[in-house]
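Participant: Here are the chains, one letter per residue:
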Amino acid sequence: MTAVAEIMDYDEVLRRFDPVLGLEVHVELSTATKMFCGCANEFGAEPNTRVCPVCLGMPGALPVVNGSAVESAIRIGLALDCQVAEWCRFARKNYFYPDMPKNFQTSQYDEPIVFDGGLDVVLDDGETFRVGIERAHMEEDTGKSSHVGGASGRIHGAEHSLLDYNRAGVPLIEIVTKPITGAGERAPEIARAYVTALRDLLRSMGVSDVRMDQGSLRCDANVSLTPKGESGFGTRTETKNVNSFRSIERAVRFEMRRQASLLENGSEIVQETRHFDESTGETSSGRRKEEAEDYRYFPEPDLVPIAPSREWVEQLRGTLPEMPWERRRRVQEQWGLSDEELRDLVNASALDLVAATVDAGASPSEARSWWVAYLSQRANERGVELAELSVTPAQVARVIELVGEGKLTHKLARQVIDGVLEDRGEPDEVIAADGIEVVSDDSSLQAAVDEALAAQPDAAEKIRGGKVQAAGAIVGAVMKATQGQADAKRVRELVLAACGQQ
Amino acid sequence: MSTISRDEVAHLAGLARLAVSEDELDTFAGQLDVILDSVARVGEVAADEIPPTSHAVPVTNVFRTDEVRDGLSRGEALAGAPATEENRFRVPRILNEEA
Ligand SMILES: [Zn+2]
Numbered sequence: 024m025t026a027v028a029e030i031m032d033y034d035e036v037l038r039r040f041d042p043v044l045g046l047e048v049h050v051e052l053s054t055a056t057k058m059f060c061g062c063a064n065e066f067g068a069e070p071n072t073r074v075c076p077v078c079l080g081m082p083g084a085l086p087v088v089n090g091s092a093v094e095s096a097i098r099i100g101l102a103l104d105c106q107v108a109e110w111c112r113f114a115r116k117n118y119f120y121p122d123m124p125k126n127f128q129t130s131q132y133d134e135p136i137v138f139d140g141g142l143d144v145v146l147d148d149g150e151t152f153r154v155g156i157e158r159a160h161m162e163e164d165t166g167k168s169s170h171v172g173g174a175s176g177r178i179h180g181a182e183h184s185l186l187d188y189n190r191a192g193v194p195l196i197e198i199v200t201k202p203i204t205g206a207g208e209r210a211p212e213i214a215r216a217y218v219t220a221l222r223d224l225l226r227s228m229g230v231s232d233v234r235m236d237q238g239s240l241r242c243d244a245n246v247s248l249t250p251k252g253e254s255g256f257g258t259r260t261e262t263k264n265v266n267s268f269r270s271i272e273r274a275v276r277f278e279m280r281r282q283a284s285l286l287e288n289g290s291e292i293v294q295e296t297r298h299f300d301e302s303t304g305e306t307s308s309g310r311r312k313e314e315a316e317d318y319r320y321f322p323e324p325d326l327v328p329i330a331p332s333r334e335w336v337e338q339l340r341g342t343l344p345e346m347p348w349e350r351r352r353r354v355q356e357q358w359g360l361s362d363e364e365l366r367d368l369v370n371a372s373a374l375d376l377v378a379a380t381v382d383a384g385a386s387p388s389e390a391r392s393w394w395v396a397y398l399s400q401r402a403n404e405r406g407v408e409l410a411e412l413s414v415t416p417a418q419v420a421r422v423i424e425l426v427g428e429g430k431l432t433h434k435l436a437r438q439v440i441d442g443v444l445e446d447r448g449e450p451d452e453v454i455a456a457d458g459i460e461v462v463s464d465d466s467s468l469q470a471a472v473d474e475a476l477a478a479q480p481d482a483a484e485k486i487r488g489g490k491v492q493a494a495g496a497i498v499g500a501v502m503k504a505t506q507g508q509a510d511a512k513r514v515r516e517l518v519l520a521a522c523g524q525q
Numbered sequence: 007m008s009t010i011s012r013d014e015v016a017h018l019a020g021l022a023r024l025a026v027s028e029d030e031l032d033t034f035a036g037q038l039d040v041i042l043d044s045v046a047r048v049g050e051v052a053a054d055e056i057p058p059t060s061h062a063v064p065v066t067n068v069f070r071t072d073e074v075r076d077g078l079s080r081g082e083a084l085a086g087a088p089a090t091e092e093n094r095f096r097v098p099r100i101l102n103e104e105a
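So the protein sequences, as listed, match chains C and L. Per the working numbering, the first sequence starts with residue 24, numbered consecutively. Per the working numbering, the second sequence starts with residue 7, numbered consecutively.
Calculated directly from the structure, the hints in this document are not laboratory data. Watch out, some of these pointers could steer you wrong.
Claimed, not checked - On the chain C side, residues computed to face chain L include the following (Cβ under 10 Å):
hint	residue
1	Lys167
2	Tyr318
3	Arg319
4	Pro322
Note that beta-carbon positions come from the ideal geometry of N, C-alpha and C, so glycine has one too.
Pulled out of the complex, with its shape left as it was, chain C reads as follows:
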């Protein structure tokens, strides 16, 4: 464990080194069945109830490729601007570890199904950075092991391990970037933004659940440093177990600082896998990286090659939905957003929610204001994602509708939304339960207006003289007097009428 005091300051790291990143993202496809057998591809089932001779690696069992998984792989490749192989094979990756009962993982080696593409990643300030895609290949997930006897279920000190093979054989796509250079201080941010963009893309395509918390989207971050002014890449480490977007950013940042500290001390970087600890924000040494040839890859004899015809590829290209970046451009145009407004919307992860609220009948500007401002703040306070708040776009649209009809003021609307967030039912139920009502009785409002005008004779005089902007002060006083329960629009009308301006 490296003490914090020994670790180099981030700015100092950047003065001396250029970071190089490589990101490997594993995506579990949401097909009905596994990659090579008809077992259900299902998260959370009872242990060892989604298994068969193929995924348990029993002698004589033969795999057959899931056609839907191949289609998804090609579609993902097309969405990532990749070439689709004319011909490619599966390969056996041999290793001995009980999470693969076959003693090998069926993967692809030097013939990935798609290769050479890129993804434009929008950063927090709205700038775009293109991340090159080296390849994406098909493989199968491993079983899940738990370790018994050691502390906290980790392997150190464990007495034995228990295996559940429900996940063994689940279709997996591994997407590998080209080395990401020239990122400088933004390397950690780019790593996070890339995985986020990939998540959004895959979700819009409906090919995966892309749940980092459930492991259907997993990221390994390769980091190395090149001393300023030198060329070539330094020795890299691969940090695994990074399972949130924020963790990706933190892990890359920590590795840059740790490696820089070692290099400054004249120490060498060990090529190894490292583990990220969410609680400390640090990485720790895992295992030394096995060289590729140690897996003794060879073409899988039990599966025939895949040769996607160009007709098939073009047909699949036709099934691609609107891409997230196309959608952003369309929404910006339709809703008349500035670049900054669009950026805020995207950064708040509010685009889908706002769109759904608009679909439910709200105006884009009202919907945007609720989600990006008020509800984002509520989500922050609760430490949850915006989408995890217990309020639906339809409920927000209903509240906006009530405001539009003058039945709620903005202040009351917030009370209603808070009630919904507290799981107290639909907006109308909260309104009924709390007796929330806009003061719309003109006679009581009129009294409040008269009172306010009498209290501010100067303002009243100005309005009578035609300076209608002075009405704001009177409206404010009335709103205050009615504790925000009055309809400001109606109050204004009454004020102007009382002063002979309407």
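Using the hints provided, position chain L with the ligand relative to the given structure of chain C.
Facilitator: Okay, now just chain L with the ligand, sitting in the frame of chain C:
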């Protein structure tokens, strides 16, 4: 022509989790040499225009429709396990690796 060393045999044995004695290293190095030499003779007849072949039949694109089929019951699945615990396969602890 010896192409494979004792060290390489030991390395491969390690990767394959095979216990190989010192005597056996020499035996297997010699035997593997014979095998490699035999395979190398294939290279003598393979001309440039013949691509490396991994599959004997000229068949591609064999796919299965994405429909769930019944597999094994949990009892059947665990029947062959050397040991079980909590409906899972129980194996000796795994050394030197994190899962
Ligand atoms: Zn199966």
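Participant: Against each hint, give a clear statement of whether it holds in the structure.
Facilitator: Results of checking the hints against the structure:
1. Lys167: holds, 8 Å
2. Tyr318: Because about 9 Å separates Tyr318 (chain C) from the closest Cβ in chain L, which is inside the 10 Å limit, the hint holds.
3. Arg319: holds, 7 Å
4. Pro322: holds, 4 Å
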